[in-house]
Amino acid sequence: MNLFDILGPVMVGPSSSHTAGAVRIGRMARALLGQKPIQAELLLHGSFASTGEGHGTHQALIAGLLGLAPDDSRVPASFALAKERGLEFTFGSCTLRDVHPNSVLIRLEGAQGGRLEVGASSPGGGRIRVFRVDGLDTSFSGELPTLVVHNTDQPGCVSQVTGVLAGRGLNVATLQLNRGGRGGSAVMVIECDQPIPQEAAQEVRALPGILRVTRYTPEEEAL
Amino acid sequence: MIEFTSLDQMLRDTKQSGLPLWENILLSDCARQNIPREESMARMATMLEVMVQADEGYRAGDRSASGLVGGDGGRMAAYAQAGNTLCGPFLSDVMAGALRMGECNACMKRIVAAPTAGACGVLPAVLLPYRRHFGAGKDQLVQALYVAAGFGMVIAERASISGAEGGCQAEIGSAAAMAAPALVHLQGGSPEQMVHACAMAVKNLLGLVCDPVGGLVEVPCVKRNVIGAMDALSAAQMALAGIESRVPADQVLDAMAEVGRSLPHTLRETGKGGLAATPFGMEYAPKEP
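Residue numbers (our numbering), protein chains in the order written: chain A, 1 to 223; chain B, 1001 to 1289.
Simulated from the structure, these hints should not be mistaken for laboratory data.
All values reported here derive from a predicted model rather than from experimental measurement.
Note that CB positions come from ideal geometry on N, CA and C, so glycine has one too.
Treat the hints with caution; some may be incorrect.
[What the hints assert, rightly or not] Pair by pair, the computed Cβ-Cβ distance ranges are:
| hint | chain 1 | residue 1 | chain 2 | residue 2 | range |
| --- | --- | --- | --- | --- | --- |
| 1 | B | K1015 | A | K36 | 55 to 61 Å |
| 2 | B | G1061 | A | E88 | 28 to 34 Å |
| 3 | B | S1066 | A | D193 | 42 to 48 Å |
| 4 | A | E84 | B | R1063 | 23 to 29 Å |
| 5 | A | R168 | B | G1057 | 44 to 50 Å |
| 6 | A | E88 | B | E1056 | 32 to 38 Å |
| 7 | A | G156 | B | E1023 | 50 to 56 Å |
Produce the complete structure using the sequences and hints provided.
Quick look at the structure:
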């Protein structure tokens, strides 16, 4: 915690959890998709579903998918902006098990045909936590440089990926690995202490058994 | 170096350092974050600038999502302008400022969470009118923001700044407890007086529950920014008069944490108790999907 967690963030109101955090979730989903989203299905859970309308949560999520920051004055008008930029979206509600009341499941389709499903929560103060990527459980906040690796469940994947990071002097802060089933698809989430260069992500992508690599850099939110 | 876990430690360290309290807060935070002083100061100046912009951008015609909030900042300013007010020009200006900022937040405008979005009106409501009525410069106001943020850090460490955790005392109460020492700083008071002002501001709103109608940051949140600002002013004036908090400040913060933990779930931002559970409030209760 620092002084600007107390005096700040600069944000569009009315709620750090239901508005600012919702923008961040949208931004995170866009970053993980790795391309411009053109189609989005958003399923709101719990308090997001019941009080989201009064908190501008819907507009905030769409604003984030468009890449806007939590302090962008265009957040309330994000629906019109989405139309301009060719992002179609639908909202629904859902009931998820064992997640924070402020949660949403987002299914995205990108301009280059990429698809992604992300589940994320906004527990308070504008902080967020991704709890699901493409149906697999995970847990990361995006506060550290993060590498999300989709791979086939086969021996050696983890050591090869961490080997690439070690070779570039990147220290692994946390590592999570979850798989759908033996020999099926798996998701590896690696949080590092140092920024992860694009070349490192490309090197990981070229490894055998790696299906997709997404690099997430914590936002330089000056405010 | 200030550890931000105790107001007593903050006082002792500041005395040892020989620095003004605001500067010791600034330098301690820079050391913790490993950032240069200039970077921190530029960022704090931006916070002040955003507060001014939000205040100036207020429009009395705006309404919140529910329609429950909007226009009161305009009403208060018009009443103040007419003269012969109950509270006089300065306090009327403070009250109007608190309403304006609270309404800006409810109407999805750009604000500075201080320490939260729901309590964003308290600090600007005392600082911006102070500048107009007492002629403080921008540098002094930025220093006052450091004082406010430093006290806020200790409150967050020792108690809470979240309504969901500690009730409204943790949001509006914390904002008032940050604004009170900031006002003492502006008036040239001592660090000891700032600590007493913080303690008294907390004590006077101890136990305030978080019971928003419809679960929205609207009713009673906007008007509670007014009482937060008034609490800060009265606590600051008491401290400047040499009045002290009998209960030591750190113990007051510990009591605030304890009271927060004791509050039932229904009175901690769930929108299920207090004003939210009145017949009026229930009309706005969220429909379960």
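Here is how each hint holds up against the structure:
Restraint check, K1015(B) to K36(A): a C-beta distance of roughly 57 Å satisfies the suggested window 55 to 61 Å. Between G1061(B) and E88(A) the CB atoms are about 32 Å apart, so this pair conforms to the stated range of 28 to 34 Å. For the pair S1066(B) and D193(A), the supplied restraint of 42 to 48 Å holds, since their beta-carbon distance comes to about 44 Å. At about 25 Å, the CB distance of E84(A) to R1063(B) agrees with the hint of 23 to 29 Å.
About 46 Å separates the C-beta atoms of R168(A) and G1057(B), a value consistent with the hinted range of 44 to 50 Å. For E88(A) and E1056(B), the Cβ-Cβ distance of about 37 Å falls inside the hinted range of 32 to 38 Å, so the restraint holds. G156(A) and E1023(B) have their C-beta atoms about 55 Å apart, which keeps the hinted 50 to 56 Å range intact.
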